[in-house]
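Protein sequence lines, in the order shown, are assigned to chains A and B.
Residue numbers 1 to 349, in my numbering, belong to the letters of the first sequence in order.
Residue numbers 1 to 349, in my numbering, belong to the letters of the second sequence in order.
Among the hints, erroneous ones may be present.
A few chain A residues that face chain B, going by a derived Cβ cut-off under 10 angstroms, partial list only [as the list claims (entries may be wrong)]:
# : residue
1 : Val87
2 : Met140
3 : Leu252
4 : Leu280
5 : Thr292
6 : Gln330
7 : Thr332
8 : Pro334
These are computed hints drawn from the structure, not numbers from a lab.
Beta carbons are placed, not taken as given, at the ideal position from N, Cα and C, and that holds for glycine.
The primary structure of each chain is shown beneath.
Number of protein chains: 2
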Amino acid sequence: MNMITETIAVMALVGPLAVGAADTFEWQALPEKAPEPPDNPTTTEKVELGRLLYFDPRFSATGTVSCNSCHNLMLGGDDNRAVSMGVHGKTGGRSAPTVWNAAFASSQFWDGRATSLEEQARGSVVNPVEMGMSELEQAMDRVRAIPGYKPYFVRAFGSDNPMTVDNAAKAVAAFERTMITPDSPYDRFVKGDKDALDEQQQRGMTVFAETGCTGCHSGPAFSGPIMPSGTLYLMKFPTFPTDESAEQYDLLTDQGRFAVTSKEADKHLYKVPTLRNVALTAPYFHNGSARTLDDALRMMAKLQLERDLDKGQVDDMVAFLGALTGEFPQQTMPRLPATPGWTLINSED
Amino acid sequence: MNMITETIAVMALVGPLAVGAADTFEWQALPEKAPEPPDNPTTTEKVELGRLLYFDPRFSATGTVSCNSCHNLMLGGDDNRAVSMGVHGKTGGRSAPTVWNAAFASSQFWDGRATSLEEQARGSVVNPVEMGMSELEQAMDRVRAIPGYKPYFVRAFGSDNPMTVDNAAKAVAAFERTMITPDSPYDRFVKGDKDALDEQQQRGMTVFAETGCTGCHSGPAFSGPIMPSGTLYLMKFPTFPTDESAEQYDLLTDQGRFAVTSKEADKHLYKVPTLRNVALTAPYFHNGSARTLDDALRMMAKLQLERDLDKGQVDDMVAFLGALTGEFPQQTMPRLPATPGWTLINSED
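Just chain A, same shape as in the assembly (with noise of 0.2 angstroms):
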């Protein structure tokens, strides 16, 4: 939690347009920095590191899925599909989450099943209808095989048996960690500037503060108060259930985090997703069926708050969550290390 957090209150800034929930809600912008836990503090030399192992897709059984595969850091940190498509084309039930802005989430994966960036990127690795490795240190032995990655692993963690399963997911969160966006005309907006949103905006920040959905979707990422590593934040969706959610969208084949715990208690609690960048992360839910914003705007207000919005509402809402598309920092392009003259991928993988 060593992190500042600027907050403002909106009345004094969209002025008569905030009334009602809009004028008591805290309007926070992103921090330029995300947490870190203590045993994982951020440095150059991790990042790097990480940079690497989040690009590289010879980690995977097929050689062919990376990280990057389904959090597009060229794209909105997700893949744009409904469900993401692992190794050998095999597909899961739920919607790859944008890395983008996921260090400032307590939680990880739609169940929160991960109490960390650490432990998420070890899962997806030995998941099979992701990267499909049958365990992690065969994905690791695979890292030690390229002779290029010690010297990172050396800077990074020092010479002293560096390269571990253990550090190689603390590299990648440490590289998670620096994929933050700042500066989007929200943040710009609520740091005093107020010619940042248009008049659209300022109604739709308005319509989204009353319509209720500041009560999940709060602090800096809208994806709720910033909390210590591993604090679950769940939500039930669908709250009011409808023949149209569970036909149409299938909203209640998953049973969210029930299918981690087995309590009754944890039937369809998700996590609530950031919607920092969510113009850039369609389709929408934890299982992609809303294939467009306003479409997914229309379903939340209705599933989770029992409100019926109309189209100016809708319209103007969309304008507004635009508005949290922030600055992506610029990347160079990294260069793998070689394995030279063969190859760690196996053809009948």
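Since chain A is already given, all that's left is putting chain B on it; use the hints.
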């Protein structure tokens, strides 16, 4: 053919090591620029657009396969797989050639069926086991649906209907013509820096020429002489088949160019692949059946030249071929234009 090749006879350079074939062979450095077709001169604007298209996976049926998926510019310009994996995990029968320095080849694909990089780019988009689009215009509809692409096309091709398949292919080809890797130790050596190759590499250079490898692997990219675009430079492989080549390496199933022309004379004819950065592109052969560079060298000598190499000769040649790894241009990671609030990818694809 608007290019300058630096051609230096090896005799003057390697002195007493140069005997037999090696002293008469023209060792060429990689030109600083690749040849350009008259109807597609390389411009900064085309390269910028081509880079975006090259890395964008949304023009494949599943939204998961970009040019870079199989021709990975963060690696050796291929995927280190025996045969590539396209949409839905589908595989074909041939190994992805490297994109690095592909601009120096006068035809593309293993069977030379594309006469230019422009034509090659089109082929992969609609190949059912590669990007899997049903037709080029369907892929182009996706490009046209992304608002942010239009300014790039206008800047590259003018404002009069610039968003065409032809122009997209030209932009990708223009980008690929900048993906060249000069200044390898070999290049510095043939330009006069005698210390650029160590003794073993120099021995390997001589063995390479004396064994007869230069009979096909000539020219600045070791893929044959620079010839006008569309000129085929094909060789029979294997020339002297053995039981081993048929069984262990399965080299007789694929009939090479015969599959394109159905002419008896084209049976088992293939393009001569570049040896630039060959240490980075394992596995080897058109079907990826040679797992290591040692193995590929031993088999090539046997199958093409009826020569049995001893271990010392193989080791020396591997060292020499390692000296063909060049300098890779540093690249900025592109940000791909968005479809705000919706997705191009159908969930059923």
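Quick rundown of the hints versus the structure:
{"no.": "1", "hint": "Val87", "in the structure": "7 angstroms, holds"}
{"no.": "2", "hint": "Met140", "in the structure": "18 angstroms, violated"}
{"no.": "3", "hint": "Leu252", "in the structure": "18 angstroms, violated"}
{"no.": "4", "hint": "Leu280", "in the structure": "5 angstroms, holds"}
{"no.": "5", "hint": "Thr292", "in the structure": "5 angstroms, holds"}
{"no.": "6", "hint": "Gln330", "in the structure": "6 angstroms, holds"}
{"no.": "7", "hint": "Thr332", "in the structure": "6 angstroms, holds"}
{"no.": "8", "hint": "Pro334", "in the structure": "6 angstroms, holds"}
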